[in-house]
Amino acid sequence: MPGGPTISWRGEGRDLFTYVVRRTLQAIPLLLLISVILFVILNNAPGGPLAPYLHNPHITPADIERLKHNLGLDKPIWYRYLVWLGMVLHGNFGYSTSNAEPVLTAILQRMPATLELMGSAYLLSLVVGVTLGILSALRPYSLGDYAVTTFAFFGQSMPVFWFALMLQLLFAVHGIPLPFGYEIRLPAAGLSNGEGFDLGDRLLHLILPTIVLSLLQLALFSRFMRSSLLEVMKTDYMRTAAAKGLDSRTIVLKHGLKNALIPVVTVAALTLPGVIGGAIVTETIFAWPGMGRLFIDALGQEDIALLMGYLCLIAFLVVFSNLLADVLYAWLDPRVKYD
Amino acid sequence: MAAVAPTAFPFTDDDVVTTKVTAWRRFLRHRLAMASAVVLLLLVLAAIFAKQLAPFDPNAIDNVHWHGPPLPPCFQNASLCGGHILGTDEDGRDLLSRLLFGARISLTVGIFAVVMELIIGTILGGVAGYYGGWVDYLIMRLTDVFLSIPLLPLLLVLTAIVAEKSSKAALNFGSIVLIIGALSWPAVARLVRASFLSLRQRDFAEAARALGCSDARIIFRHLLPNAVAPIVVQATLDVASVIITESVLSFLGFGIQPPTASWGNMLANAQSNLEVAWWAAVFPGLCILITVLAINFIGDGLRDALDPNMR
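Protein chains in written order, with my numbering: chain A, 9 to 347; chain B, 2 to 312.
It is worth saying that the hints were derived from the structure and are not from the lab.
Note that the Cβ used here is the ideal one computed from N, Cα and C, for glycine as well.
Hints are supplied without guarantee of correctness; some may be wrong.
What the hints assert, rightly or not - Cross-link-like lysine-lysine pairs, in silico, DSS-like; alpha carbons within 27 Å at most:
no.: 1; chain 1: A; residue 1: LYS266; chain 2: A; residue 2: LYS252
no.: 2; chain 1: A; residue 1: LYS262; chain 2: A; residue 2: LYS252
no.: 3; chain 1: B; residue 1: LYS166; chain 2: A; residue 2: LYS76
no.: 4; chain 1: A; residue 1: LYS242; chain 2: A; residue 2: LYS266
no.: 5; chain 1: B; residue 1: LYS166; chain 2: A; residue 2: LYS83
no.: 6; chain 1: A; residue 1: LYS252; chain 2: A; residue 2: LYS242
What the hints assert, rightly or not - Short, incomplete list of chain A residues facing chain B, as computed with Cβ under 10 Å:
no.: 7; residue: LEU46
no.: 8; residue: PHE161
no.: 9; residue: VAL273
no.: 10; residue: ILE288
no.: 11; residue: ILE304
To be verified - The following residues of chain B were derived to be distant from chain A, with all beta-carbon distances above 10 Å:
no.: 12; residue: VAL45
no.: 13; residue: LEU97
no.: 14; residue: ILE112
no.: 15; residue: LEU153
no.: 16; residue: ILE162
no.: 17; residue: PRO259
no.: 18; residue: THR261
no.: 19; residue: LEU290
Model the full assembly from the supplied sequences, consistent with the hints where possible.
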């Protein structure tokens with residue numbers, strides 16, 4: 009790899025490469041195990057994949073039997089799992105009964121909206137959370153530090169859906185009055201369905217859901233950043249930098265922050281499952297047309313194939329992001345041993 | 002105020018900060034945890050004596066006062082709310098009474114689910130950490146699986162299956178506790194395993210083994226008591242997160258089913274009535290926030306008290 013000459017020169021590049029390969033190979037059995045467990049759980053749902061047809065008065069028990077046979081549902085579960093796995097490996101997650109289209113098509117269609125929401129929430133929580141964490145670490149046990157810590161506690165204890173309701177109450181139902189007769193009023197639901205793509209409108213609709221989804225992350229990032237930076241300040245190289253006579257601003261920004269930021273990568277990955285769960289709630293409350301709402305709708309309609317596809321996909325996302333975080337960490341912090 | 006304080010910096014930390022500041026910090030920390038403990042005690046008492054304290058039957062419908070407003074208007078015009086201090090919901094049920102009975106649900110689900118999580122997590126984590134080898138490997142892969150599937154969607158799927166298996170009413174207190182408890186043990190298991198890995202090599206564990214103690218005795222009598230501090234902290238914080246989880250499930254309609262009052266399901270209809278009855282949306286959530294905040298503060302206080310080195 010022509011990436012960094014210093015890395016390959018010291019032979020560390022190859023170590024990192026083998027590390028990436030090994031971690032990837034470890035992720036494969038994990039994903040298989042996850043899919044087996046999910047498959048068993050979902051196929052034990054009453055009615056199984058045929059549940060939507062059971063409520064239909066026009067479908068006779070004989071039809072059900074025929075469907076069962078035609079779809080291979082009378083085969084043993086391990087056989088059905090292998091068939092499913094074979095299909096998935098060819099990019100086919102089955103057919104969604106509630107959307108009347110392939111599962112993958114339905115999910116991919118909703119994915120951009122969710123990624124938009126989760127992306128902006130991550131961005132907001134990273135920028136604000138890390139900044140707050142730094143500010144409180146710079147003056148530990150000051151009034152500002154206590155304010156940030158208390159805020160973080162509130163953020164961690166806040167039920168997401170209630171926070172969303174309160175924001176809707178404040179900004180959408182009543183509106184925040186401003187001088188000169190203006191008021192802040194924000195859209196509380198979904199996307200306007202005008203023609204074409206209106207960036208301003210899109211952003212306006214993103215504000216409340218993003219704030220809601222980012223609150224918990226923001227609290228976690230600020231707490232983590234604070235303790236991480238305080239930890240770094242204790243180290244010898246920070247003492248050395250101070251002894252060299254550098255001014256404190258340079259010490260923090262150039263030496264401290266760089267090292268304190270590395271563990272944030274891990275936290276960002278570890279909290280992803282929570283963000284995915286939060287996105288489901290946020291999308292439901294704000295009528296946001298993403299994967300989370302698709303999942304909730306599928307749940308009500310017993311769309312087993314879609315539920316299976318969604319759960320596998322987000323589990324893959326989590327495993328992949330953990331892998332990415334570990335590799336990034338190892339790459340950013342040369343002290344990490346590859347084992 | 003400069004962003005960087007040149008004098009104190011960069012060696013500001015526990016060991017450098019004056020003892021007075023440290024003491025003040027401990028005091029404040031402690032006071033927050035103590036105040037939270039008092040709040041939590043009051044909540045527990047309110048939940049226990051919900052029947053005696055509630056001014057109305059939580060499911061009784063007041064035909065006259067639908068969406069009756071809370072206190073202040075009552076003072077001016079008593080006929081507006083008919084004695085409903087915190088107002089009524091969309092069916093004319095007394096909010097205060099429902100909140101009191103909802104406290105029972107939230108607190109008991111929180112406690113019982115965490116007890117269950119502790120039992121599963123301690124046994125699996127203990128076995129993994131004590132025996133190591135392939136047992137450890139298997140159990141750790143299983144925790145990996147459950148940590149890789151986001152909890153909320155999995156919970157929703159399982160509660161939906163339970164609801165469908167029998168009837169929606171089957172989603173009672175017991176099944177919610179079972180499902181939440183059965184899925185939230187991995188964090189505890191990892192914690193127990195990590196401390197057992199180091200504890201089992203210590204001299205006292207070797208001594209117990211040399212004396213011929215059984216594995217079970219070593220695990221429960223010798224190792225577990227030494228690993229208890231981080232577990233207690235984790236369990237306390239988990240009670241808070243379980244309470245939030247239950248409320249989310251109930252809010253989405255997959256948790257405690259109406260007419261049984263839970264703070265979560267009380268909010269389920271609140272969104273559509275937001276414009277006419279803000280109180281039905283505000284109070285249940287406030288209860289959740291206060292309870293969870295109190296438990297989190299207690300957990301933090303416990304962390305400081307039990308093990309100052311823990312972070």
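Evaluation of the provided hints:
For the hint linking LYS266/A to LYS252/A, the alpha-carbon distance of about 18 Å falls within 27 Å, and the restraint holds. Distance hint between LYS262/A and LYS252/A is fulfilled; the C-alpha atoms sit about 14 Å from each other, no more than 27 Å. Restraint check: the Cα-Cα separation between LYS166/B and LYS76/A comes to about 19 Å, which is no more than 27 Å; the hinted pair holds. Of the supplied pair hints, the one linking LYS242/A and LYS266/A holds, its CA atoms being roughly 15 Å apart against a limit of 27 Å.
At most 27 Å may separate the alpha-carbon atoms for a hinted pair to count; LYS166/B and LYS83/A meet this at roughly 22 Å. For the given pair, LYS252/A sits about 16 Å from LYS242/A by alpha-carbon distance, which is consistent with the 27 Å threshold. A distance limit of 10 Å between C-beta atoms decides the matter here; for LEU46/A the minimum to chain B is near 7 Å, and the interface restraint holds. Interface hint status for PHE161/A: upheld, as the beta-carbon distance to the closest one in chain B is roughly 6 Å, under 10 Å.
At about 17 Å, the closest approach between the beta carbon of VAL273/A and any beta carbon in chain B exceeds 10 Å, and the interface hint on this residue is violated. Hint on ILE288/A holds. Least Cβ distance to chain B is approximately 6 Å, under the 10 Å limit. With 10 Å as the threshold, the beta carbon of ILE304/A comes within range of chain B, its nearest partner Cβ sitting at about 7 Å, so the hint holds. Distance to chain A confirms VAL45/B as a non-interface residue, since its nearest Cβ pair spans about 18 Å, more than 10 Å.
With a least beta-carbon separation of about 18 Å from chain A, LEU97/B lies farther than 10 Å from that chain, consistent with its non-interface assignment. Separation of ILE112/B from chain A is adequate, the least Cβ-Cβ distance of about 17 Å exceeding the 10 Å criterion. Distance check on LEU153/B: its Cβ comes as close as 3 Å (rounded) to a Cβ of chain A, failing to clear the 10 Å threshold; non-interface status is violated. The beta carbon of ILE162/B is not kept farther than 10 Å from every beta carbon of chain A, the shortest such distance being approximately 5 Å.
With a closest Cβ-Cβ approach of about 16 Å to chain A, PRO259/B is found to remain outside the 10 Å limit, as its non-interface label requires. Remark: the non-interface label on THR261/B is consistent with the geometry, its nearest Cβ contact in chain A lying 19 Å away (cut-off 10 Å). The claim that LEU290/B is not at the interface with chain A is violated, since a C-beta of that chain comes within 10 Å of its own (minimum 6 Å).
Taken one by one, the earlier hints fail for this structure at numbers 9, 15, 16 and 19, listed in ascending order.
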